[in-house]
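One-letter residues, chain by chain:
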Amino acid sequence: MKLFDRTNFYYIVFSVIIYVLVGASFYLVVEHVIYQEVEQRLKVERRDFENFVRAHGVWDESCYFVENKIELASLTDTLAPVTEFKDTLLYNRYNNEYVPFREYSFVSPIGGAPYKVTIRKSLIESRTLLKSITGIMMAVLSLGLLVLFLFQRRIARRIWAPFYQTLSRAKSFDLNEGKGLTLTPEEIFEFNELNSVLNKVTDKIARDYTSLKEFTENASHEIQTPLALINSRVEELIQQKNFSDEQMRWIQDIYQSALRLSKLHQALLLLSKIEHGQFFEWETINLTTAMAEKLDEFEEIFTHKGITVQFTKTGVYQVKMHPVLADVLITNLLSNAVKHNHPQGVINIVGTDRALQVSNTGSTLTASPERLFERFKKQNQSSSSLGLGLAIVKKICDSYHLAIQYSFDKGMHTLTISSPVAGQ
Amino acid sequence: MKKNATLKVLVVEDEMGLAESIAAHLTKDGFITETVFNYESALEKISLYTYDCVVVDINLPDGIGFDIVETLKKIKASSGIIIISARHALEDKIKSLDIGSDDYLTKPFHLSELNARVKSLLRRRHFGGSNEISFQEIRVNYISRKVFVGETEVTLSKKEYDLLLYFMSNIEVALTKPAMAEHLWGDNIDSADSFDMLYSHIKNLRKKLTDKGSKDYIHSIYGIGYKFGKN
Chain A
1 MKLFDRTNFY
11 YIVFSVIIYV
21 LVGASFYLVV
31 EHVIYQEVEQ
41 RLKVERRDFE
51 NFVRAHGVWD
61 ESCYFVENKI
71 ELASLTDTLA
81 PVTEFKDTLL
91 YNRYNNEYVP
101 FREYSFVSPI
111 GGAPYKVTIR
121 KSLIESRTLL
131 KSITGIMMAV
141 LSLGLLVLFL
151 FQRRIARRIW
161 APFYQTLSRA
171 KSFDLNEGKG
181 LTLTPEEIFE
191 FNELNSVLNK
201 VTDKIARDYT
211 SLKEFTENAS
221 HEIQTPLALI
231 NSRVEELIQQ
241 KNFSDEQMRW
251 IQDIYQSALR
261 LSKLHQALLL
271 LSKIEHGQFF
281 EWETINLTTA
291 MAEKLDEFEE
301 IFTHKGITVQ
311 FTKTGVYQVK
321 MHPVLADVLI
331 TNLLSNAVKH
341 NHPQGVINIV
351 GTDRALQVSN
361 TGSTLTASPE
371 RLFERFKKQN
381 QSSSSLGLGL
391 AIVKKICDSY
401 HLAIQYSFDK
411 GMHTLTISSP
421 VAGQ
Chain B
1 MKKNATLKVL
11 VVEDEMGLAE
21 SIAAHLTKDG
31 FITETVFNYE
41 SALEKISLYT
51 YDCVVVDINL
61 PDGIGFDIVE
71 TLKKIKASSG
81 IIIISARHAL
91 EDKIKSLDIG
101 SDDYLTKPFH
111 LSELNARVKS
121 LLRRRHFGGS
131 NEISFQEIRV
141 NYISRKVFVG
151 ETEVTLSKKE
161 YDLLLYFMSN
171 IEVALTKPAM
181 AEHLWGDNID
191 SADSFDMLYS
201 HIKNLRKKLT
211 DKGSKDYIHS
221 IYGIGYKFGK
231 N
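Going down the list, the protein sequences come from chains A and B. Under UniProt numbering, the first residue of the first sequence carries the number 1, and numbering increases by one thereafter. Under UniProt numbering, the first residue of the second sequence carries the number 1, and numbering increases by one thereafter.
These are computed hints drawn from the structure, not numbers from a lab. Note that the Cβ used here is the ideal one computed from N, Cα and C, for glycine as well. Misleading hints may appear alongside valid ones.
As the list claims (entries may be wrong) - One side of the interface only, derived from the structure: several residues of chain A facing chain B at Cβ under 8 Å:
#1 R158
#2 N231
#3 S232
#4 E235
#5 I238
#6 E246
#7 Y255
#8 K305
#9 V421
Full structure from sequences and hints, please.
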C-alpha cells in the first residue's frame with residue numbers, strides 16, 4: 001500500500017466518522033431547540049386556556065377551528081399520572097396522511113369537575129425546517145471535506161516529492177560505480193536528515209566495497225608473488241644434480257605444496273570474488289554450446305579413463321552470466337564427474353531449454369548429500385583435489401539465482417542446474 | 001641453441017629474487033638477459049637499447065607495466081612483449097593483449113613455461129630466419145608443424161607435437177610433471193589424471209622418434225619429471 005493511499009484511507013475513515021457524528025449531534029441539538037420552543041408555546045396556550053376557562057367558566061370548543069387542537073376528557077381518577085409532553089401522529093383529513101404533533105396534557109377543573117386537557121401543536125413545519133437545515137449543513141460539510149481531501153492530496157504529493165526522488169535514486173544505486181549517493185539537501189528537516197544519512201551510509205558502503213576489492217586484489221598479488229618466487233627457486237634447485245634422493249624428495253614436497261597452495265589461494269580468491277559480486281557484467285551464455293565445447297577439451301581425459309559420455313540435447317539452455325564464471329561452472333561440473341567416476345564409467349549429460357544435468361557413475365557418498373557443496377568436503381580426504389570445485393559451482397549458481405540439486409539413483413550421481421520457474 | 005646468443009631479453013620485475021631467477025633461467029638457455037626492478041629504469045633501458053623480448057610485471061613500485069608496453073608501442077620497438085601478473089583478472093589479460101602485448105602469464109608460473117613462451121614468441125617474430133628449430137637429428141618446422149628425424153618425417157599427434165616443441169624449448173632443463181601437464185592441458189585438470197596421460201604421451205613420442213632412428217633424448221628424473229637432452 002502506498003503512503004498516499006494509506007494516509008487517504010485513514011483520512012477518509014476519520015472524516016466519515018466525524019461527518020456522521022457531527023450530523024447526528026447537530027440534528028439532535030436542533031430538534032431539542034425546536035421542542036423547547038414548541039413546548040414553550042404550548043405552555044403559553046395552557047395559560048390562555050386557563051384564563052379563558054376562569055373568565056367564562058366553560059370551554060367553548062367553537063372558538064378554535066383547528067381540529068384536535070385542544071381536547072378535553074373528563075377525568076374520573078384524578079390520581080392517575082398524566083404524561084406532560086409527548087409526540088403523537090394525527091390523521092390529516094385534507095392530506096390523507098399522518099402528521100406529527102407535539103401534545104401537552106394537564107389536568108384542569110372546568111365547572112368544578114376535573115378534566116384532562118390536551119393541547120396539540122403541529123410539528124410539520126418544524127420538521128421540514130430541521131430537515132432542510134440539517135441537509136444544507138451536511139452538504140456544506142461534505143463539500144468542505146472533499147475540498148480538504150483534494151487539497152491534502154496535492155499537498156502530500158508536493159511534500160513527499162523529495163522523498164520519492166531520494167527513493168528512486170537509492171534504487172538505482174550501483175555499488176560498482178565506487179561512490180556513494182550524492183543527494184541534494186532538502187528544505188524539510190526529516191528528508192534532509194534522510195538524505196544525509198543515505199549519503200553517509202552509501203558512501204561508507206562504497207568505500208568498504210572498494211577497499212575490500214582492493215584487499216582481495218592486493219592479497220592476490222602479495223601472496224602470489226612470494227609463491228612465484230618459491231616455485232621458481234625450487235625449479236632452479238631441481239636443475240641441480242648434486243642432491244641425494246632424500247633431499248630431492250624434500251624439494252619435490254616443497255614444490256608440490258607451493259603449487260597446491262597457489263591453486264588453493266586462487267580458488268579461494270575466486271570464491272570470495274563471486275561472494276563479493278565482483279563479476280558484475282554478464283552476457284547471455286548458451287550453456288548447452290559451452291558444454292559441447294568443453295566436452296571436446298575433455299575428450300582426451302575421457303578416452304584416457306575409458307569414460308563413455310552421452311550428451312542429449314533437447315533444447316538450448318541460456319543463462320545470464322559472466323563468461324569466465326560460465327566456463328568455471330562447466331569445467332568444475334565435468335571435472336567433478338570425472339574425478340568421482342570409476343574407470344570405464346559413464347557420464348550422461350542432458351541439456352533442456354531450462355536445465356543442465358550432469359550424471360556420473362561412482363561410488364556412494366560417504367558424507368551426507370547436504371554437505372556436498374560445503375568447502376573442503378572431500379569424498380576422500382587424502383585425495384589431491386582441493387575440495388572447492390562444487391563449493392564454487394554452488395556459489396556461482398547462487399549468485400545468478402540458479403537452482404542446483406543433487407540426487408542419487410541407481411548408482412548415478414546427478415547434479416542439476418536449473419533456472420527458477422518464471423514468476424517466482 | 002647457439003643462435004640465442006644474439007637475442008636480448010629485458011626482465012622488468014620488482015621482486016628481485018624472482019627477477020634473478022627468471023634471468024638465470026633464460027641466461028642458461030643462451031639469452032642475453034638484463035634485469036630491472038622498477039618502472040623508471042625500465043623506461044630508461046628501452047629508450048637506450050633494443051630488446052628482442054621484454055618480460056614485464058604489471059605491478060611495479062613506481063608505475064604500471066601497461067605503460068611500459070604502451071611506451072614500447074609508441075617508439076615502435078620491435079620487441080616481443082610478455083606480461084606477467086599476479087592478478088588473475090580476465091580484464092587484465094584482455095587489456096594486455098589489447099594494448100599490444102604478445103602473451104600473458106599469471107603468477108606463479110613455471111620457469112620452463114616462460115622459457116617456452118619466450119621462444120615461441122621469438123619464433124613467431126623472426127620471419128626472416130629459419131622456420132625450423134633442430135636438436136641433433138630432430139628437426140621441427142613450426143610453420144608446417146612437421147617433424148623430421150634426419151630426412152624421415154614423423155607423424156605426431158597434436159599433444160605429442162606440443163610436447164616435443166616444449167622439450168626443444170627447454171633443452172637440458174629438468175621439467176617437472178606439473179609444469180608439463182599445465183603446459184599441455186592448462187590448470188583445469190586433476191593432477192593424477194594428467195600425470196598418467198603425460199606418461200602415455202611421452203611413451204608414444206619416445207617410441208615414434210626412436211622408431212625413425214632418433215636417439216632417445218627423453219630422460220626421466222625420478223620423482224620429478226623429465227629432461228630432454230644429450231645426457
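A quick look at each hint next to the structure:
Restraint check, A/R158 versus chain B: the minimum CB separation of about 47 Å is more than 8 Å; hint violated. Taken as an interface hint, A/N231 checks out: its beta carbon lies about 4 Å from the nearest beta carbon of chain B, inside 8 Å. Against a cut-off of 8 Å between C-beta atoms, the interface hint on A/S232 holds, since the closest Cβ of chain B lies about 4 Å away. A distance limit of 8 Å between C-beta atoms decides the matter here; for A/E235 the minimum to chain B is near 5 Å, and the interface restraint holds.
Annotation: interface hint on A/I238 holds; nearest CB of chain B at approximately 5 Å, less than 8 Å. Here the hint on A/E246 is broken, as its CB sits about 11 Å from the closest CB of chain B, past 8 Å. Against a cut-off of 8 Å between C-beta atoms, the interface hint on A/Y255 holds, since the closest Cβ of chain B lies about 7 Å away. Hint on A/K305 holds. Least Cβ distance to chain B is approximately 7 Å, under the 8 Å limit.
The interface hint given for A/V421 is violated, since its Cβ lies 32 Å from the closest Cβ of chain B, which is over the 8 Å cut-off.
In the structure shown, a violation is registered for the earlier hints numbered 1, 6, 9, in ascending order.
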